[in-house]
Structure formats: C-alpha cells, structure tokens
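J.: Next come the chains, spelled out residue by residue.
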Amino acid sequence: MNPLEALDYAGVAVFAATGALAASRKQLDMIGFVFLAAVTGIGGGTFRDIVLGATPVFWVNNPTYLIVCVIVAVLVYFTAHLVESRYRLLLWLDAAGLSAYAVMGAAKGLALSGSPIVAIVTGMMTATLGGILRDLLSGEPSVLMRPEIYVSAALVGAGGFVVASLLGAPLIVASAVGVVAAFAVRGGAIRYSWAFTPYRSRAGRPPEDVI
Amino acid sequence: MNPLEALDYAGVAVFAATGALAASRKQLDMIGFVFLAAVTGIGGGTFRDIVLGATPVFWVNNPTYLIVCVIVAVLVYFTAHLVESRYRLLLWLDAAGLSAYAVMGAAKGLALSGSPIVAIVTGMMTATLGGILRDLLSGEPSVLMRPEIYVSAALVGAGGFVVASLLGAPLIVASAVGVVAAFAVRGGAIRYSWAFTPYRSRAGRPPEDVI
Amino acid sequence: MNPLEALDYAGVAVFAATGALAASRKQLDMIGFVFLAAVTGIGGGTFRDIVLGATPVFWVNNPTYLIVCVIVAVLVYFTAHLVESRYRLLLWLDAAGLSAYAVMGAAKGLALSGSPIVAIVTGMMTATLGGILRDLLSGEPSVLMRPEIYVSAALVGAGGFVVASLLGAPLIVASAVGVVAAFAVRGGAIRYSWAFTPYRSRAGRPPEDVI
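Chains as they are written, first to last, in this note's numbering: chain A, 1 to 211; chain B, 1 to 211; chain C, 1 to 211.
Calculated from the structure, these hints are not laboratory results.
A portion of the hints provided could be inaccurate.
Estimated spans, in silico, between C-beta atoms of each pair [unchecked claim]:
no., chain 1, residue 1, chain 2, residue 2, range
1, C, S85, B, I71, 37 to 43 Å
2, C, V83, A, S142, 23 to 29 Å
3, A, W92, C, V163, 41 to 47 Å
4, B, W92, C, L136, 23 to 29 Å
5, C, S85, B, L4, 39 to 45 Å
6, B, R88, A, Q27, 36 to 42 Å
7, A, F78, B, W92, 31 to 37 Å
8, C, G168, A, S142, 45 to 51 Å
9, A, V180, B, V180, 29 to 35 Å
10, C, W92, A, Q27, 41 to 47 Å
11, C, R88, B, Y192, 49 to 55 Å
C-beta: ideal position from N, C-alpha, C; glycine also.
Let the sequences and hints guide you as you build the complete structure.
T.: Quick look at the structure:
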C-alpha cells in the first residue's frame with residue numbers, strides 16, 4: 001500500500017465516521033448510519049473521479065472502500081453514546097478527513113491533468129464535498145457557512161502538496177507536507193476559532209424585501 | 001422490451017409523477033412540474049450511469065425517457081386536484097419507483113462491475129437519489145430522515161435481485177423477486193409505520209452549544 | 001474565440017459573480033467568496049459535460065475558467081458594498097448567466113448527441129444548475145421555487161437556439177437568437193413579475209398531518 005492509498009482509506013474511514021455521527025445526532029436506524037457513512041465517506045472521491053473522467057469510480061473498481069464504510073458505521077452505532085460531545089468529535093474527524101482528501105484529491109488531479117491549478121481545485125472539492133453532502137442530507141447547518149476557516153485549510157493542504165511535488169519532493173514527503181499543513185490550519189481553526197476577517201459589510205436582506 | 005427495460009420506464013414514470021406531485025404541493029407553474037418530474041425521474045439513473053462510467057447517460061442515448069417525464073408531468077398537472085391526499089399518493093408512487101430502481105440499478109451495476117457489493121450499492125443509490133433530489137429541490141422534509149424504513153427497502157430489493165441472480169435465477173425471476181421484496185418492505189413501512197429500533201441515545205445538541 | 005467560447009466565458013464569469021454576491025450576503029471570508037463563485041460558475045457546465053460523457057470536464061482541460069472565477073470573486077469582495085441591492089444585482093447577473101448557459105448547454109448537447117430534445121434538456125440543466133447549487137450551499141431560498149418565470153426562460157433560450165440551428169442559421173445567429181430570447185423572458189419576469197398561472201389547487205399540507 002503506497003502512501004496515497006493509505007491516505008485514501010484513512011480519508012474514507014474518518015469521513016464515514018462523521019457521517020455515522022451525524023446519523024446518531026439525528027437518531028436514525030442502523031441502515032441510516034450505513035447510508036450516511038457511505039455517502040460522506042465516498043462522496044468527495046466519487047466526484048473527483050467523475051470530473052477527471054476516471055470512471056468507473058474508485059469504489060466500483062475496489063469495493064473494499066464500501067466495506068470500510070459499513071464497518072465504521074456499525075462501530076459508531078454501538079459506541080457513539082460513549083462520546084461526551086459527538087459534534088466536537090465529528091468536527092475533529094472531519095478535519096482529519098479533509099486533510100487526507102485535500103492531498104489525495106490534489107495528487108490524483110495532478111497525475112491525471114498535469115495542471116497545478118486543476119490539482120488544487122480537485123483537492124479542495126474532494127476534501128469539502130463529503131462534509132457538504134453529509135450536512136445537506138442530515139439537515140445539519142453546513143460546515144461551509146461556519147465562520148471558522150474550513151475551505152482554506154483544504155486549499156493549504158492541496159497547495160502544500162502541489163508545491164512540494166513541483167519542487168521535486170518524493171510522494172511520501174509531499175503527502176506529509178500537505179496533510180500536516182491542512183490539519184494544522186483546520187485544527188487551529190476549531191481549537192482557537194481562527195477566522196479570516198469576514199466580509200465587513202452588511203448581511204443580505206431577505207429576498208422579499210428587495211424585489 | 002426486456003423486463004429490465006420495462007422496469008426502467010416504470011421507474012422513470014412513477015418517480016416523475018412524485019416530482020410533479022411535489023411541484024403541485026408547492027403550487028409551481030407547468031414548467032416547474034416538468035422540471036421537478038424530469039429531475040426526480042431521471043436523477044437516480046443518471047447518477048448510476050455516471051458512477052459506472054456508462055456515459056453518455058441513458059436519456060442522452062434514448063430521449064424517450066424525457067418525453068415520458070413531460071407526459072407524466074402534464075397529466076399530473078391536470079389531475080392532481082382530484083387526489084384526496086397528494087402526499088400519500090406521492091409516498092406510494094415513490095415506493096413503486098424505489099422498488100423498480102433498486103432492481104434496475106443493481107442489475108446494471110452487476111452487469112458492468114461483476115461485483116455483488118457494488119451492485120447492491122448502485123441499486124440503493126439509484127433507488128433513493130431521485131427522492132432525495134426531489135425533496136432537496138422542492139424544500140420538502142427529506143424522506144431519508146423519516147423514521148419509517150426507506151433505504152432498507154432499497155437494500156432488500158437490490159440484495160434480493162443480486163442473490164437470486166447469483167443463484168442462477170433467470171433475469172425476469174430475479175427482477176420480480178427484487179421488486180416484490182422491496183415493495184413489500186417499503187409498503188409495510190408506509191402502511192404500518194414499520195421502523196427499526198432507532199438509535200436510542202440522545203439527539204444531538206445544536207452546534208452553537210457544543211463548540 | 002468563437003461565439004460559443006465567448007458565451008462560455010461570459011456564463012462562467014456572471015454566474016461566478018452571483019456566487020460571490022451570495023457569499024457577501026452571508027458575510028463569508030474571501031476564500032468562501034472564491035469557493036461559492038467557482039461552484040456557481042462551473043457547476044452547470046460540469047454537470048453538462050459529465051452527463052454527455054465529455055470528461056475530463058471543461059475546466060480540467062482548460063483551467064483558465066478557474067482563474068476567471070477567482071478574479072471575479074476578488075473583484076466582488078472589494079466592490080459588493082458599493083451596490084445598493086446585492087440581491088437584485090444577483091438576480092440580473094443570474095439572468096445573464098442563465099441566457100448564456102442555456103445556449104451553450106444546448107449547443108454542446110446538440111453537437112454531441114444530435115438530438116434536439118437532449119439539447120434542450122442539457123441547455124435547461126446547464127442554465128439552472130449553477131443557481132440551484134449556489135442557493136443550496138449558501139442557504140438562500142431557491143430561485144426555482146420563486147413564482148416568477150425561471151426555468152421557462154432557459155427552455156425558451158435553449159429551444160430558440162435549437163430551432164434556429166435546425167433551420168440552418170449560422171452558429172452566431174442561432175446563439176444570438178437563444179441568448180436574446182432567454183434574457184428577454186427572464187428579464188421581463190424579474191422586472192414585471194411575469195409568471196404563468198400557477199397551479200390553482202391547494203398547497204400541500206405538512207407531511208405529519210397526512211400520514
């Protein structure tokens with residue numbers, strides 16, 4: 001198993017766990033846990049493969065990824081009540097998955113397109129799509145709309161990997177640079193509420209008042 | 001027309017009808033009916049084909065599916081007021097579409113990938129995605145989040161088809177097994193409020209209280 | 001640059017601007033502006049290419065589209081406070097993007113499938129998907145659910161292009177017919193609240209009252 005494959009399994013597993021935690025917060029049944037775990041776990045990578053034209057997508061070629069999602073969902077089903085704050089655990093696992101997938105998405109994008117900017121975008125989209133789908137389907141407020149840094153951490157991870165690769169770093173070093181950079185930024189954002197200066201101007205009025 | 005093709009048209013037509021019924025509940029205009037009918041009717045199969053790499057997708061190769069959606073939407077537009085409870089009709093048609101698409105998705109997944117587990121997953125996703133899109137776009141509460149059994153019925157249908165196929169049943173028998181199994185489970189869930197024991201522990205707190 | 005390519009860049013740029021305006025209404029940070037601008041700008045065309053099997057999708061082959069989104073997002077970040085009503089500007093830019101993309105989507109669908117009905121559907125989906133994604137991700141009420149004409153304008157634009165093409169009009173004339181028709185319909189809908197007779201019957205009751 002090369003470092004990218006290990007990252008891929010790790011990303012699927014921790015994103016699957018966040019999906020199962022969201023199912024637990026909504027008190028779904030076990031099949032609901034498995035479904036949300038699978039959608040969250042494989043969502044980002046599925047989109048990455050589709051956009052890059054690498055179809056059939058990764059889990060059709062290798063169903064082990066699906067089995068990982070099922071196992072993780074069952075484990076979470078029987079242990080989630082032990083966790084003091086499921087949402088905080090969800091955020092930290094999401095941070096780990098985002099870091100793994102930012103690098104994995106960038107690596108596959110770079111390999112298939114050769115373009116650094118495409119690699120950064122596929123890295124960002126792969127890293128954030130699983131969480132977006134999870135929040136949409138489970139009715140949680142989207143992580144995207146929270147004030148702390150989120151998409152930027154994926155940008156830093158994908159960018160770190162791409163820059164290190166272009167500078168000639170071996171795959172395992174470039175991957176480590178990207179993962180550590182993304183996790184440091186997102187972890188700091190969770191722990192210390194890091195945020196960029198938000199847009200200063202007024203919030204939008206409701207559409208009805210405007211038209 | 002082989003049994004799978006018949007199932008495919010049936011699945012598109014009944015899902016299209018649920019989309020048009022959702023449009024009627026939101027009092028959209030006729031083009032809104034057609035749009036929601038088309039998205040719901042072809043959504044699941046579109047995703048199935050994309051993931052399996054069977055592009056261009058089925059309705060690009062055979063636009064008859066689109067014409068079916070338009071006809072269904074117009075019929076619903078002129079008849080929906082005759083129905084006593086549109087939401088209950090929507091749920092039953094959704095159950096029929098889910099049953100047809102669970103088998104159809106599993107059959108295409110099995111044929112293209114050869115893997116039973118991939119077939120079950122493509123069956124489940126094909127069966128549930130149309131309804132998820134319909135609810136997301138029309139702002140209905142998602143069928144996924146309801147307590148009665150939903151995804152599990154798709155699992156039973158896809159699984160029944162795959163097991164029967166692996167045991168050597170002819171296509172029409174395996175299809176019938178899957179459709180009947182899925183419809184029995186989902187129909188029972190609607191009629192008798194069947195549900196698995198939900199996850200017992202506490203519901204999630206709002207994110208603001210946790211971070 | 002042929003007329004379709006110009007339309008494509010124009011569509012990406014104005015949709016990206018609507019995404020950035022939505023980000024400004026939600027007071028996101030600059031990376032949030034870029035993210036929503038990119039998703040809205042390239043969302044429709046990405047879906048069109050995936051469905052038609054034209055993968056890798058357009059922005060993987062030509063990352064200039066991504067750079068356009070970034071530039072537009074930064075420009076909006078620094079100028080949005082100058083606009084009296086960001087939502088009204090968003091609606092008008094959305095109308096321009098919808099017109100450009102209805103034609104662009106229909107043209108690519110016609111070229112790749114040869115079927116007028118497929119071309120009209122890919123035109124409508126390309127034209128509306130960016131706005132649907134923007135509203136879903138930013139939590140705005142969906143443009144689809146508003147009473148004024150929206151999807152129909154995309155239908156008119158895509159249909160105008162297809163009919164003009166089938167009648168033998170040169171590409172630039174057919175494109176102009178489609179764009180002007182779509183913009184006239186959608187612009188009139190915004191300005192004069194044009195709407196079809198909506199579905200007359202009663203609105204849907206909440207699911208809880210029905211089951």
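J.: Work down the list of hints and note, for each, if the structure agrees.
T.: Hint-by-hint comparison with the structure:
Under the hint 37 to 43 Å, the C-beta atoms of S85/C and I71/B, about 41 Å apart, fit the expected range. Between V83/C and S142/A the Cβ separation comes to about 25 Å, which falls inside the hinted range of 23 to 29 Å. The beta-carbon spacing between W92/A and V163/C, approximately 56 Å, falls outside the hinted interval of 41 to 47 Å. Distance hint check for W92/B and L136/C: the Cβ-Cβ separation is about 28 Å, which falls inside the suggested range of 23 to 29 Å.
For S85/C paired with L4/B, a C-beta distance near 52 Å fails the hint of 39 to 45 Å. The beta-carbon spacing between R88/B and Q27/A, approximately 25 Å, falls outside the hinted interval of 36 to 42 Å. For the pair F78/A and W92/B, the beta carbons lie near 35 Å from each other, so the given range of 31 to 37 Å is met. Between G168/C and S142/A the beta carbon distance is about 48 Å. The supplied range of 45 to 51 Å therefore holds.
Distance hint check: the CB atoms of V180/A and V180/B are about 53 Å apart, inconsistent with the given range 29 to 35 Å. Distance hint check: the CB atoms of W92/C and Q27/A are about 44 Å apart, consistent with the given range 41 to 47 Å. Hint check: R88/C to Y192/B, Cβ distance near 51 Å, so the stated range 49 to 55 Å holds.
Checked against the numbered hints given earlier, the structure breaks hints 3, 5, 6, 9 and satisfies all the rest.
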